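Protein chains: 2
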Amino acid sequence: MKIALYQGPGKINDIEAAWAHLAERAACAKTGGADLLVLPEMYLSGYNIGAEAARSAALVQTGLAPARRIAEANSIALVFGYPELVGEQVANAAALIGPDGTLLLNYRKTHLFGALDRDMFKAIGQEFAVAELHGHKIGLLICYDIEFPEPARALALAGADLLLIPTAQMQPYTQVARHLIPTRAYENQLYIAYANHSGSDDGLDYVGLSSICGPDGAVLAAAGLGEELIYATLDKPHHAKVRETDPLLRDRRPELYASLIR
Amino acid sequence: MKIALYQGPGKINDIEAAWAHLAERAACAKTGGADLLVLPEMYLSGYNIGAEAARSAALVQTGLAPARRIAEANSIALVFGYPELVGEQVANAAALIGPDGTLLLNYRKTHLFGALDRDMFKAIGQEFAVAELHGHKIGLLICYDIEFPEPARALALAGADLLLIPTAQMQPYTQVARHLIPTRAYENQLYIAYANHSGSDDGLDYVGLSSICGPDGAVLAAAGLGEELIYATLDKPHHAKVRETDPLLRDRRPELYASLIR
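Here the protein sequences line up with chains A and B, keeping their order.
All residue numbers for the first sequence refer to the working numbering, where the first residue is 2 and numbers rise by one.
All residue numbers for the second sequence refer to the working numbering, where the first residue is 2 and numbers rise by one.
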């Protein structure tokens, strides 16, 4: 499976423009040979939208249909962040849509980041689930979730071999992009695609530095500061060899970890 | 508190020479203003000693007394790795000795690394405990232990603000020194001193690259490939500010992490 990752500026509160942009990016990624396109956190609405989150969520609610049509028309899987209306609450969500337009997985951010997130969203998510695509088991996390080792670990233990992580990672946290993402890939022996925004968004300066990392922690593709479409191809035999050579998952001693869930 | 970290080649099976070397390193670190000297895994015997581990452990058994005398004579705390005889078994252990010569903490490696470790040691260790020194709460881990996020997390949850990690980290795992150590410091918001061997040891090529990292993931001091004594000073007000500004430990959601202990 070949992954394309789009890093770019967010579209603020212009859902119609976002659908058009998504169609264009999907076609471009497909031309590049990608089977799957990963886009940033809250891609459809922009991340830093404050009180507009509820209105955007209402606009999107009836609207994952356009994304499903774009996926099917281009025969490409899509992962993107969006504001999801759940009852009267808004979740910071990410959807995985298959190349036939099926919604394969929907994830709601479980770890909210400060007042920024909490003013817009509720942490409605309760589980770390995986979905199958092209023979891979995929888990979704969003931005701040990955800074905690536990969610990625839970997905690895649930069988994930690939984590797709829409993010809106801003200054001064370059540490996360440069060191933490390769470490999560290494310690859980899985692929990670970490798709960030670039540029500024109403006072937030995004760090860019999106990447696709391999199960040995190698950085397979990395973006700089601006708009980019980067690619990496997953290598199943290499992945199997990494897991056979380095038994990091098998050598865990869960009987010693009880304090982590208290 | 000022930490000195010694990176250097192991002494293989020459315990008397190791005591003399330890006395010299302790005096040198004290001259450099250090309150604590951290040395590599199995420092007293060398790491890659195979069937000699039991004999070395028997030699060391009666012998932490020399280390306690060295600590007291130089008024400096010491952390070093050594083979510990426990009944008829040998543990890969690390001791923290206070500046008055008191044994403050003894840790036995819980995660054994492949046939190398398993041919020499039993994983007798069962807990992640902390000890106080100069107003800091210190946890010990050894080498491979830190590659799993859980042991460091358990120590952070037990109140540790400083992890001291004797290691014997060899090629090709530079990933650990370069990315994983700063990530463990960042995600647990604590200081880490990671003290490695340099050079080669009967077919193992150590990567050097020892470091002392801060609670924001910053690399405060880093060694290259050879013998070095590096220093860093802990900054309590900065540490408190990091934990106040970034609530990474408070934002955990342990109710979602149940699968990690199964």
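No lab work stands behind these hints: they were computed from the structure.
Nothing here was measured: the structure is a model prediction, and the numbers come from that model.
Mixed in with the good hints, there may be bad ones.
[Unchecked claim] List time: in silico DMTMM-like cross-link candidates among lysine to aspartate or glutamate, alpha-carbon distance up to 25 Å:
| id | chain 1 | residue 1 | chain 2 | residue 2 |
| --- | --- | --- | --- | --- |
| 1 | A | 242 | A | 133 |
| 2 | A | 123 | B | 256 |
| 3 | A | 237 | A | 101 |
| 4 | A | 138 | A | 15 |
| 5 | B | 123 | B | 101 |
| 6 | B | 138 | A | 256 |
| 7 | A | 31 | A | 133 |
| 8 | B | 123 | A | 247 |
| 9 | B | 242 | A | 252 |
| 10 | B | 242 | A | 206 |
| 11 | A | 242 | B | 118 |
| 12 | B | 3 | B | 133 |
| 13 | A | 123 | B | 245 |
| 14 | A | 242 | B | 229 |
| 15 | A | 123 | B | 206 |
| 16 | B | 242 | B | 118 |
| 17 | A | 242 | A | 217 |
| 18 | B | 242 | A | 118 |
| 19 | B | 31 | B | 17 |
| 20 | A | 3 | A | 252 |
| 21 | B | 31 | B | 229 |
| 22 | A | 138 | A | 252 |
| 23 | A | 138 | A | 101 |
| 24 | A | 138 | A | 36 |
| 25 | A | 242 | B | 206 |
| 26 | B | 123 | A | 133 |
| 27 | B | 3 | B | 245 |
| 28 | B | 123 | B | 25 |
| 29 | A | 138 | B | 101 |
| 30 | B | 123 | B | 247 |
| 31 | B | 31 | B | 73 |
| 32 | B | 123 | A | 36 |
| 33 | A | 123 | B | 247 |
| 34 | B | 123 | B | 252 |
| 35 | B | 123 | A | 256 |
Here's how the hints hold up against the structure:
no.	hint	result
1	A:242 / A:133	holds (21 Å)
2	A:123 / B:256	holds (16 Å)
3	A:237 / A:101	holds (23 Å)
4	A:138 / A:15	violated (32 Å)
5	B:123 / B:101	violated (30 Å)
6	B:138 / A:256	holds (24 Å)
7	A:31 / A:133	holds (20 Å)
8	B:123 / A:247	holds (20 Å)
9	B:242 / A:252	violated (36 Å)
10	B:242 / A:206	holds (22 Å)
11	A:242 / B:118	holds (21 Å)
12	B:3 / B:133	holds (15 Å)
13	A:123 / B:245	holds (22 Å)
14	A:242 / B:229	violated (35 Å)
15	A:123 / B:206	violated (50 Å)
16	B:242 / B:118	violated (39 Å)
17	A:242 / A:217	holds (10 Å)
18	B:242 / A:118	holds (21 Å)
19	B:31 / B:17	holds (21 Å)
20	A:3 / A:252	violated (30 Å)
21	B:31 / B:229	holds (15 Å)
22	A:138 / A:252	holds (22 Å)
23	A:138 / A:101	holds (17 Å)
24	A:138 / A:36	holds (14 Å)
25	A:242 / B:206	holds (22 Å)
26	B:123 / A:133	violated (40 Å)
27	B:3 / B:245	holds (23 Å)
28	B:123 / B:25	violated (31 Å)
29	A:138 / B:101	violated (55 Å)
30	B:123 / B:247	violated (39 Å)
31	B:31 / B:73	holds (12 Å)
32	B:123 / A:36	violated (47 Å)
33	A:123 / B:247	holds (19 Å)
34	B:123 / B:252	violated (36 Å)
35	B:123 / A:256	holds (16 Å)
Hints 4, 5, 9, 14, 15, 16, 20, 26, 28, 29, 30, 32, 34 from the earlier list are contradicted by this structure; the remaining hints agree with it.
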